[in-house]
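Trainee: Residues per chain are reported as follows:
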Amino acid sequence: MRLDPALRAPLLLGAFALAGALLVAGIHAYTAPRIAENERQVLLRGIHDVIPADAYDNDVLRDTVTVQDPLLGTDEPMTAYIARKQGRPAGVILPVVAPNGYSGPIRLLVGILADGRIGGVRVLAHKETPGLGDKIERSHSDWILQFTGRGLGDPPPDQWAVKRDGGAFDQFTGATISPRAVVQAVKNALLYFQANKDRLFASAAAREPQA
Amino acid sequence: MNEEYRHLVSEGLWNNNVGLVQLLGLCPLLAVTNTTVNGLGLGIATTLVLLTSNVTVSAIRRWITPEIRIPVFVLVIASAVTAIELLMAAWLYDLYRVLGIFVPLIVTNCAIIGRAESFASRRPLSEAAIDGLAMGGGFTAVLVVLGALRELIGHGTLLREAQFLFGEAASTWKVSLWPGDHGLLLAILPPGAFFGLGLLIAIKNLIDEHRARRAQTPAAAAPAAARAS
Chain S
4 MRLDPALRAP LLLGAFALAG ALLVAGIHAY TAPRIAENER QVLLRGIHDV
54 IPADAYDNDV LRDTVTVQDP LLGTDEPMTA YIARKQGRPA GVILPVVAPN
104 GYSGPIRLLV GILADGRIGG VRVLAHKETP GLGDKIERSH SDWILQFTGR
154 GLGDPPPDQW AVKRDGGAFD QFTGATISPR AVVQAVKNAL LYFQANKDRL
204 FASAAAREPQ A
Chain G
4 MNEEYRHLVS EGLWNNNVGL VQLLGLCPLL AVTNTTVNGL GLGIATTLVL
54 LTSNVTVSAI RRWITPEIRI PVFVLVIASA VTAIELLMAA WLYDLYRVLG
104 IFVPLIVTNC AIIGRAESFA SRRPLSEAAI DGLAMGGGFT AVLVVLGALR
154 ELIGHGTLLR EAQFLFGEAA STWKVSLWPG DHGLLLAILP PGAFFGLGLL
204 IAIKNLIDEH RARRAQTPAA AAPAAARAS
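Protein chains in written order, with this note's numbering: chain S, 4 to 214; chain G, 4 to 232.
Calculated directly from the structure, the hints in this document are not laboratory data.
Backbone N, C-alpha and C define an ideal beta-carbon position, used for all residues, glycine too.
Be a bit skeptical, because a hint or two may be false.
[Stated by the list, open to error] Label pairs and their in silico Cβ distance ranges:
(1) Arg202/S with Trp181/G: 47 to 55 Å
(2) Asp145/S with Glu7/G: 53 to 61 Å
(3) Asp161/S with Arg100/G: 32 to 40 Å
(4) Ser106/S with Pro182/G: 46 to 54 Å
(5) Ala218/G with Ser106/S: 45 to 53 Å
(6) Pro194/G with Gly119/S: 56 to 64 Å
(7) Arg125/G with Arg48/S: 45 to 53 Å
(8) Thr82/S with Glu120/G: 39 to 47 Å
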């Protein structure tokens, strides 16, 4: 029996669509756990860079709090991670956006210890100029390490700027805008932490019984 | 290898190269070739998609009616690209992050639907497979050479970030030609890609011209003919 050609074409097309969808669905189901684990590892690696691994002992990826504040550089709600050691607050890992990068926003991860000092800063994503502004990345230069151990009192708040603006932080030859944006964003993260410290840690403590 | 396969390979790798002659898929070609490893990674992904789509299209060519031909090709290519993207995210996660949007964008690489339409849909499976490999190989070669050229001039290195593709052991493969990580910035920026590609096309044309001239002079033609027979 031969099918009417007018019917045959749509049926064939439907069959191909179904086969394609099944193939993709199958591979998705097969790879999804592995991809989720990859994403988790990358996030965990990022967190280890900004908070020393021996500073906390909780499962930071599950001890989260949603933060939303203009000081963090965006109006969007973001996820912050709370680090605790033996139940006591040890620090917080804040996602921060520097909105005024040279070519678009720079996304940062800022680790702040409970005493207000910085555990570390890393760039998560940026579009700065290769060879100039991209020295803010750890893989390109040590520049980003100079924040480690600093706080709002060290240097004093008005010194939280690049040297060209009279501050305490180096810029790069040929690129001032990217470092300026990062310094400003880190300072704002510290200000945010200072103002919201109790709320951040309280929410983490409140969460504990459920965990 | 029989004559037809040899012809397909030389077409894909040189005479009808996707990147240098057909000038298809220029968007990923220009965008990701800032390092050798990025070029190689996207080249391999594109070759896999070309092979899969060519083989599938050739296998189903007798069932497809002309009116649904194009949507079926698009379905086949989109499925293959999504599958390869998921597999890369699972096993080559670092490279997947570097190549970013350009992996899903393989769908829009005209070279792939072009081969499906003009070649794979009319030829037997084995020829379609060889054609996919040869075309993909030619594209990969251009990506790698352009990536190496730009990396060399822009960073003064070769094979940086090889661990993204070959695992941790490869992190020592990086070759630095001079200390530091400095070079001519222009080469890594988008204009460098255009200059580099233009240069490669010019070199290819020079070689072709040179060959054609040698083939014309009788002295050179005789041994060439002897070799060919």
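Trainee: Which of the listed hints are broken here?
Mentor: 4, 6
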